[in-house]
Each structure stands twice: as C-alpha cells, then as structure tokens.
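Mind docking chain B on chain A? Use the hints.
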Amino acid sequence: MTELLAMDYRPVLAIMCPIIASFLILVSGRRPNIRESWTIIGSISLFLIVLSMTPFVLKEGPIKCSLFKLFPNIDFAFNVDAFGLIFATTSSCLWILVSLFSIGYMRGLEEHAQTRYYFCFALAILGAIGIALSANLVTLYIFYEILTISTYPLVAHDESPEAIYAGHKYLAYLLTAGVFFLLGILVIYFLVGTTDFAPNGILKPALGSTSRLVLQALFFVFMLAFMKAAWMPVHSWLPTAMIAPTPVSALLHAVAVVKAGVFGIIRTVYYVYGTDLMHELNLGLALGLLASFTIIVANFYAIGQVNLKRLLAYSTINQLSVIILGAALLSPMAATSAMIHIAYHGFMKITLFLCAGAIIVITGKTEISQMRGIGRQMPITMTAFSIAAIGMCGAPPVAGFISKWYLCLGTLQAGQVIFLGVVLISALLDVVYFFPVIKTAFFEKLAVPALANGGEVGEKTIEAERPLYLFMIIPLAITAIFSIIFCLFPHTFHILDLAEMAVRNLFGGM
Amino acid sequence: MEKIISNSPALIVVIPLISAFLTLGIGVLKKKFCYPFAVIALSLSVFSSVVTLNTIIKTGTIHYHLGGWDPPWGIEYVVDYLNGLILVAIAIIGLMIVIFSKETVKMELPERIPFFYTIFLLEVTGLLGIVVTGDMFNLYVFLEIASLAGYALIAIGEDGAPLASFRYVIMGTIGACFYLLGVGYLYIMTGSLNMADLTQILPNFYHSKVIMVAFVFFVVGVAIKMALFPLHTWLPDAYTRAPSAVSALLAPLMTKVGVYVMIRILFTVFRPEFPIKMLHATDIMAWFGTFAILFGGIMALSQTDFKRMLCYIIVAEIGYMVGGIGMANALAIKGAIFHIINDMFMAACLFLVAGIVMHETGGHDISDFTGIFRKMPFTAAIFMVGALAVIGVPPTCGFFSKWYLLLGGIEAKHWGFVMALLLCTLMNVALFFRVIDKGLYVHALEHKLEHASEPKELQFHEAPLSMLIPGFIIAIAIFLIGIFNQAILKNIIELAIPSGL
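The listed protein sequences derive, respectively, from chains A and B.
Here the working numbering is used: position 421 in the first sequence is 1341, and no number is missing along the way.
Here the working numbering is used: position 301 in the second sequence is 707, and no number is missing along the way.
Here chain B stands alone, though its shape is the one from the complex:
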C-alpha cells in the first residue's frame, strides 16, 4: 500500500499506457473482454489520481522523480493543487465515457472494438500525462500522444470524418511545431527543460528577444490546441464527425487541458510579472477571450446540428477561461481554474446526451430531439442539468465559476469581458431553449399523428443503463460541485492560484 501511494503519480499514467497495449492483445484473443478491461484500467487510474490528490491535500506538492533520476536531468512529475484536481476530473470523466462507450461502439464501430479501446486508452494516457508532468519536453511528448490518438479516433467517425481529421492533423501539427520551437529556444537559452528549474533561471533572460519569441510560440501553439478563436477552425468539424464516445471524451478534455497548459506556462514556467507587466500579453488575451465568447455564441445560434452547436459552445467556453486568465487577477484566475473543472463535466454531460440521442434516433440534429421529454425522460433530465449548467443557473456548478469570472472582470474593470459573459448567458438560453422546445412541445404533433396512426414516434424507449448511469453520475456531480463549491475552492483551488498575482 505504501508503495502504491508513493508511486501514485507515475501509476496515473503508467496504468492506462500499459493497458492500452494489453487491450490490443486481449482483443485479438477475445473481443468482448476489451470493454471490461478498459473499464478496470481507468478505474485504477481514478483510484490513483484520487490517492494523489489526497496526498497533496495532506502533505503538499508531490515531486516524483521518474526512474530515480534527479531533475533537471531526469524527468520529474510534479503534482500540486492545480493539476491534482484536474487529474481527478480527467480520470473520472475518462472512466464515465468508457463505461458509456459500450453500446455506441457496438453500434457505430462493430468491427474495430479492440483498436478503438487501445487508442482510447492512449488518448487518456496522453491527457493525464500532459497534466502530470513537470518537464517541458515530456509535456510535448504527451501532447503528441494525445493529439495523434485524437486524430485516429476522429478519423473513424461518420461521413466526412477523415477530412475533418485531416484538417485537425494539419492545424494540430502546426500547433505542436510552435510549441516544440518554443521548447527549443528555451533550451538554447537556459539549458534546462524542467519547469521548476526554468522558473528559477528564466528571470535573468526576461529581456532576451529569444525568450519573448519562445513565449509567443508557446502561446500560439497552445492556442491552436485548445481552439482559441480565431484558431478554432478545426474543432467544429472534428468533434461533430467523431464517433459519439470520442467526441464525449475529446470535447470536454482536450481543449481544457490546453487551458491548463496555458496557465502553467504563463504563471509557473514564466513568473506572472513577465506576461502581465512586461509583455502585456494578458491584455491581448482578455480581448481574444471576449471575441471568442461572442463569436462562439453567435455561431452556435446558427447551427441546426446539436453536436456542432455544442462545439461552438466549447469555443465560447474557451473564451471564458482565456478571458479569465487575461483579467490577470486572483479572482478571475480562480474562476478560470474552477471553470476548467466545471466545463469538463458540463461538456461531458451534453456530449453524452448527444451520444444517447444518436444511439436512439440515429442522428444528432436538433430535430432529433423531438419529444425527448416524453420518450426519453431520463435522458431529458440529464440534458436539462447540462443545459442549465452551461447557461449558469444556480445551483449547478456553471454558475459559481461564472460568478468568479465576472467578479474578476469587474475588479479588472474590463467591461467588454463582463458584457460578453452576460450576453453569452443569454445566447446560451436561446440555444438550449430551442432544443427544449423541440423536446417539450409535442402535443400538437401528437394530435396530427393520432389521426393518421399510432404516435409511434413518441413511445417510451429509453437508452440502455450503461449509457444512462454515467450520465446520471456526471449530472449529480454537476450539482455536487456547485453545492460544495466552497469546500473545493478553499481546500484546493485557492491554493492552486499561482503566487504573484
């Protein structure tokens, strides 16, 4: 037990990595064992991430030296309050989505089950690795594991998925190149790749042009990976065309992990005074965030496809967080970090609903939601929770992070951001009530059908339990995070705010 606890940061990554390859082997022998194996692997991941977070709360930041090599030469895993919490969220959502995936994979990808679960686990490995590592180059490696797995997963989707994936490959590779160049420049100047080490060395070079360029490369590279407007163009197609389980995994996690990397680089690798006072980068980010919110909201309004609509909502939500970082005060950063967690759950909840509707009706248009309150009441309940959370209705968690973002905006006197947030709330209302109307008001339709034949379209047929249970767990989590937000904020997030803000 002692051994497990002391090695838990490594286990978080190692378990899904090894089981990814084992899944392939098991799949060759017996296809149907893949699913339970993946579920077990990710449950162990959840367990080790929770153990890690628990250790952090008890004893503070964990420094784990991989293979016993001391930093800055060896790779170091650093888990503090910030990434400890995000790790738990990623692991939990990964587990929920893998449980959810059983039926959708059977329906959408019946022949590729072993390969699917292999890449799926690799994807989760990559996402967890990005968060857990304390090394700039190691972060790049995991970023590419996650991205490559993502390209593959998206490409096996419905019609048009290969093209969407191809666009993502090009954009994503450009982003990765920017990041790698940044890493290279940092290494040339400092001779180190360890984040903690860089924090110590970098202040001597703050006036160097090379470091400034490296900083810009980092920001642009990560901005592509997290689909910050106007670099978001790959996202809507990719996540709309992807298989249900894949979009439910990638949409909530990939972009948010990008936000995490942004916070890390801006405020840990570089000290807050560099981006805020010397480069004024945060001022620019505030406006990018503001425009992302408005653009995402407006584009979402013009969609007829539910999943595409969610994609643009994600573009807007990324704007929330980047704008929050751009406010450059403790309140807004608190909101941004909290929103990372919340948005993971909200987006997972809604994409899961999209998957359920896809499974039951065969499509993910808004028109496929006709009468869901009648025929799929449980799915509708999960959907309502997700929708209310995105709108930001208390006591769902979305309200609380928005509160801090707004408060931070007021403190920074950045009225553009505040107005954009409030306006986006209204746009979200319009978006979701369009779907709710479709789901709710079917009695006129029923009347028409009654005269023709039995209203078959409105008969009760609910999704299988393996899809509903993860949905319910996420929906309940959305409420619990909201109600116990003070406990989370006080014990974890407030301690995760980078010092010097």
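Extracted from the complex, chain A is given alone in its bound form:
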C-alpha cells in the first residue's frame, strides 16, 4: 500500500487531462464557447504537467508508475523517460496551438459535428500522450489502438463519399497494422516473457532459443505494425487522409499519428531489440535502406503534386523516413537527430499545415497554381510558411538545420557515407518542391480577382479581416517563431537535453 502511495502519479494526471476534457466536451456540446474552453484548459494543464516532469526526469531518471496487472509480468504501466518526454512535450504543446487554430478553422468554415470533432481530437491526444509515456509494448499497443480509432471520425469528418472512403482506407491500413503489432508483441512475450522497454533491449536472450531468421522476420512484423510511420510502400493512407479538416492533418498527420509510428520504431529498435542485436542481425542496414528508398521516392512524389496539402503529405512521408534513417544508423549522433527531429519536425510541419489551413479558410484555395500573389494578401501566413519550408530543407536558422547537422554527423559516425549522400540529396530535393510554392506566393501577380463576391481585391492584406481569423494566424506565427527559436536555442523545453540524456542511456556516453 505504501508503495502505491509513494508512486509519482503525474503520468496518470497527464493521461487524465484529455480524458476529463473529452468528457466535458461531450457534456457541454450545446454551448460552443464553454466546449472550446474545456479543450484549451485541458491542453494547457496537460502541457504544464508534462513540462513539470522534465526537470525531474533530467535530474533523477525515469518516473515509473504502474497501475494494474494486465498479464503475468505485464503491467498497465507508465515509464516517463527522456525519449518519451520529447514526444509528449511536442504533442501537448502543439495541442494548445492547434486547438486555438481549430476554433478559427471550424467556425470560419461553419463545419458540422464540431462536438464530435473536439471530442475525438482530445481522445487522439490521449492516445499520443499514452504512447509517449507507456512503459511496455502492451500499454503502448492499447494507446496505439485508441489513437487509430479516435482519429477515424476525424479523417472522415467531411462525410462525403470521398471522405468516408479515405476513412475506410485509413482504418484498413492502420488496424491491419494493429493486428501485426499484436502478433509481434505475442511472439516477443512468448520468447522472452516480458515486454518492458529497456535501454539495451530485451530480445537478446531469445537469440539462444530461436533462429536469427525468426528475429529478423519479427522485426519486419514490427515494421508493418508501425505503418503509422508511413514508410513506402505502405504510405498511401497518408495522402488519402489529407481530406480531413486541416487542423486534423496538422496535428494528427504531422505530429500525433505519424510520430507515434516513428516513436514506435525507435522504441523497437533501441528499447526492444537494442543496438547490439540490431548490429548482429544486420537490421540497421536493412532499415536504413528502406528509409532511404522512402526518402528519395517520396521527394519525387512531392515534386509532382499540385495540391498543397498533398504536397505536405509527401513531404511528411519523406521527413518521417529521415527520422527512421536516424534510428537505423545506430550511432549516437544519428539517434540524437532522430529524437530531436520528432519535436522539431513537428513544429515545422505543423506550421506548414496551419498555413495551408488558413489559406483554405480565408481564400478557399487548395491548389498551388491558385496561390499566385497570395503572399501579399496573407504576408504573415506566407512568411511563416517560408520559414518552415526553409527549415524542412535543413537550412539555418531554422530548427531543421540542427537535426540535419546531427544526422550528417551520425552517418559519418556510423561510417555509412552512402546515407550521407541520401540525406544531402533529400535536402536538395526539398528545395525543389518547396521553393516553387514560395515563388508562386510572393513573386507572381494575381491573375484574376479572387474573392467570390467579385469585389476589388487588389493586393491588400485580408488576413485580419475578421477577428476569427486571428485564431488561425496567431498559432501559426507562434509555431514559426518556435521553429527559429529551436535552432538558436536548441535547449528550449529541454528537447536537446532530453535527447542527449536518452542517447547517453542507450550508448553510454557520446
């Protein structure tokens, strides 16, 4: 009993925030202002709780908290370690901003079923936070499934036949992934009798009792389980899911859902298999090749896109594989890059998505070709867009530079020069598809008056026409500013400290 009282319950508190928020959202569905304030209150308190855990974890190590037994040797347990906190900090911080943005977006477009929207959104955050904090594969699996199911109504939110098709495709991919995940967990449990994450991996003892081939096959079962990471060729649910409302695409398909996938891969690589076993089974190289393939091919796909959101989707696929590559190289620098890129890419990509969303609400434009001269109508939006795009290419002074720097050093540290080439080519290709957008927005003139009422549009700023629009403009400005801050001060929110600490635990010193 004393043990129960002595436990640190902050992980549970963190989990309770979105649960309580989602319940209150459901109850106050008829009063939009109260409903939205629950979202905001929930997100802010979640962020503060997560942030309060950081110094503690940095100083005294992981916070462990075990609630009840699921199976012999498997608890429903949380283990807040440095790596998990990176993901938790990112998702909880961005939930605040995206909630604000959602208010502007959903009201600006007078969307239906807003209660369902906010409710599912809160549950999705629950899934993401749970994944970040879980202590073993089964707990992670539980939240992984919550995340999948709660985002389904968000993807199909539009309720048009295309949206419902996209929703079905989404479920078909991700629940199949869930089944692979379950199979993988079962085999691991069967082989070694535990599923707790440990910095050196837990699968090593299995090498004695089973063949290398089984473990290699098992790894690919896990890769299929993390289809959420959208590696090619199982990526196609992600571009299809872009039919969702833009805040959903922003938070879920740039941060929560897809990052849950790469988070799972990193957990599998370092905390289930462990570096030694990865080397021994040659899995690092295989994973690296898979990631490189995705990086290059996704970039070419992106170049061919005419729809802004789809372009961003392919850019996401590309960047996710950059993270996977960082994990696959099995060198300390590369691992650091993978971990910080989860956070940094989150901030940059969400900026891009929010810009796309703001453009849709304010001007109704979705295709890149329509965006001529939009930079003069919406200067703040497009500046933020440019900042984030520069970051995507890995140029200073935006956060992407830091992670790319570490990744390049990581490739050298691992002695894999080919992968250095992949990273550099990828950066180049990023430029190829992002800069035309910027060029179209800033340097081309409006061809025809754009407003539906036929009034004189000219080149005046329309961003702040309605106070409601500020709910969109301010969050995207904040995320863009953060993208720069992360480059100048990489220790903001202790992201880099956490990553360094996690890597120290994995490799024992840089």
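No wet-lab data here; the hints were simulated from the structure.
There's no promise every hint is true.
As the list claims (entries may be wrong) - Derived DSS-like pairs (lysine-lysine); straight-line CA-CA distance at most 27 Å: (1) A:984 x B:896; (2) A:1285 x A:1359; (3) B:844 x A:1089; (4) B:464 x A:989.
Claimed, not checked - Simulated restraints on C-beta separations: (5) A:936 x B:430: 48 to 58 Å; (6) B:516 x A:1156: 54 to 64 Å; (7) A:936 x B:836: 31 to 41 Å; (8) A:1156 x B:886: 37 to 47 Å; (9) A:1085 x B:466: 50 to 60 Å; (10) B:474 x A:943: 49 to 59 Å.
No residue lacks a Cβ here, since even glycine has one placed at the ideal position from N, Cα and C.
This is chain B only, laid out in the frame that chain A set:
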C-alpha cells in the same frame, strides 16, 4: 443463513424452477405481477450463485448430494472453479435480460406475458442446471429442458420464427439423440453415470471401441447444440427471428454452455490424455475451430441484418473457443474458458442493443442504425463497448481472452488458428465500422432533410431506462472484467484448468 449457504448449489436451480410454475399461476391472477416476480426469482438465483462461488473460493469444490442420496446412485451436483464462475455469469446475464425484457415483451408479445416468463424461467433453469450438475444423465435432462424451452421461445417470434424454430427442433433433437446414445454406451460399459465416478472407471476402457464411439457421439451431439461449423445451420435463422429478449438470452448463453459441456466431457469425464494423445480429437477440433472462425467472419460480412450478422459472429466466436480447446495446452484452455465468460457478456451486450433498436425503430437491419449516435447516444455508447469488445480492443475483456488464445496458438505452433484469429479481428472491424458509419455520418442526410422538412428522423428519442440500465451494467462489466482480468484468472480460472494438460 447456514442452511442457505450449504444448500446454495441446489437453490440455484430450484428457485427458477419453482418460480417458473408460480409465474404461470400469478399470471392467471394478475398479468403485471409476472415481471417483478421473475426479476425477484432471478435476483435470488444470482445471490445463490455468488454465494456458491464464494464458498468455492474459500473451501474448494462443493459436492452436493441431492436428496441425501450418495453418488454414484443419487444425483450429485458438483461445483468447482470452472462451473462456479460460469454459473455466476449465466445468472447475472439472465437477470439483466429479464430486466431488459419488460418493454420488449410488452411491445412484441402483449398477450403472452405469463407464458413468456414461465418459459423464460424454465430456460434459465435448464442453462443453470446443465452447468451445475455432476451427472451425465441429469445433464441430458437439463439440456432438454433448456432446448425445449428454447424452441418454444423462438417460435413466438416474428415472421418465419415457427419455421426457424422447427429447423432448430430437428437439429437440436438429433444432437440430443447423439448425446443420449453416448450416455447409454457409457452406462453399458461402466454401469455409472456420475462424472467423478466415470473419471475413475473409464481409463480401464480407453481401448474399447464402444467408448470411442460414445466419445464421438458426445462431441457431435454437443457440437450441434453449440452450433459449431458446419453444424451451425439452425442458429442464424433461429436467433434472428426470435423475440428480442429471447435472442438476448439464448444467443449469449446456450452456445457457450455447450462449450462448457464440451470442456467437461473432454477433460473431466475423460482424462485429457484420451482425447489429446489417444484419439487426436483435439487436432481435428483445432481445424474445425479455425474454419468456423473464417466461415463465421465471411458470412457475417455479407449480412444486411444486424441480428443475423451477430449470429454469424457467434459462429465465429464458437470457433475461437473450440479452437482454443483444440490447442490442448493450458494457455489456450485458459483463454477458451475466459472467452466463455467474456463472450457471454459481449453477445448479451450486442443483442441487447439490437433489442433496443428494434424497440425504437421497429427493425433490426443495419440501416435501422442510421444516426443512432445522434438520436440514441446512450444506446450508441453501449453498442460501441460491445463492438470494441468483440473486435478485441483493450481494455475491454475481449482483448484479454484473445491474448491467451493467441498465445496458446503460438505455443502449439498452430499458425492456421493464429492467422484465423487475427484475420477475424480485421473482419470484425469491417463489420462493426459498417454499422458505426451508418450511425455516425448523418450530416449529409441531415442536409437533405433540412430542405424538405424538419429532420424528424434524427431527433433525440432514447430507449426507456429499463432497457438502458441492464445495457450499462453489462457494458461496465465488460470493462471491469478486462481491467481486473488478472484477479479473475488467478483466483478462479487458473484453478479451473483441467489437470493433466
């Protein structure tokens, strides 16, 4: 109090049996007293079954000699960990369904209320009796009480129910005949009908052809009663056409009780080495289970009627359990026993939802679920819990039993069964999300209606509380069983696994 506790195994059966006949008498005098009387009777059943389980946990297996006659001559009731738990589950679900039945019976069978509750109580008597008894012939008697009551209950359903019931009568009687022949053969060879006695005597006869035939007859007879593929043909029609309250009672319980009888016969009456090592019957059952899962899943996908879809899901779920028995290792049997309990609650939950929707919209097609998230949010919540449990999403109980079944499958290296289970999970997803889509995505429809007239079809009208409360209790139970699965498994089910596996 002492007397009640010591006689509780008998009370479990006697209370509903006597009150079944009293209900008829009360019904002649005053129709509306039937319902509260049945509720009270089944509450007492729940109470005595819980008392029994409690005694078992404290003191171990209970041997109760009916009328003071010593076995093997007299009838003996044996309650151990295995059937103690199942008794509690049956009693609880019986009580929930009888509470639920108030409005549906009023709507669907307004003139036959006393008869309905009489047969309903007899049905519960039969189901409890099958589980509680330790005597092969007594088991047959209760099996027939349950089946006959079932035929009658199904026959009073909607259009086509009499025919469906008739098919069930024929199939069910054939099953009963097989069982009875088996009992006869055993009696010829051993001169005993008491299960514990048979366990001692039978090993001497394991090489006798008669005993092998008896064993096969038992398995086939019980397989018909529990609708194991390909002997399931009576089930979909019967449970689809039955009145809502009846399908909510029979679908979760009858088939699962069959699984219990299967486990009893395979591993208690016969010792595990006989079916596993000597006859290799479990290998065959593993494949029957696998095919049942696949067949049930595929057939469920092609249904447009919600209740029929659930019926095929039950066929698949029976496959889970029979396959689990077929794995013939402790892990899978643990999963199979746990799944008996879980599936009772899951199926009760979903059939209850079907009953509520039937009550509110007058049909049980999937299309009748249009907009339920809007107009019947509480029903929709109950439905979601049931659906997630069948799919096997943690932390609902369905996940945990599936876990052990899968783990048992991996241990037995029976990859066909493992793959079928995983595939069925996906098929269940497709099944339920079809219904969820109908319930959830109504705004396009609303738009259309707004232009024509008021969207009346989507206005809030929720079912009466007497239907919702049992639903909520079952839904909460699904979660609680999931969360406290370790307590249940450790204190009860692990002790119920037959020795020698």
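- Tell me, in ascending order, the numbers of any earlier hints that this structure violates. Violated hints: none at all, because every hint is consistent with the structure.
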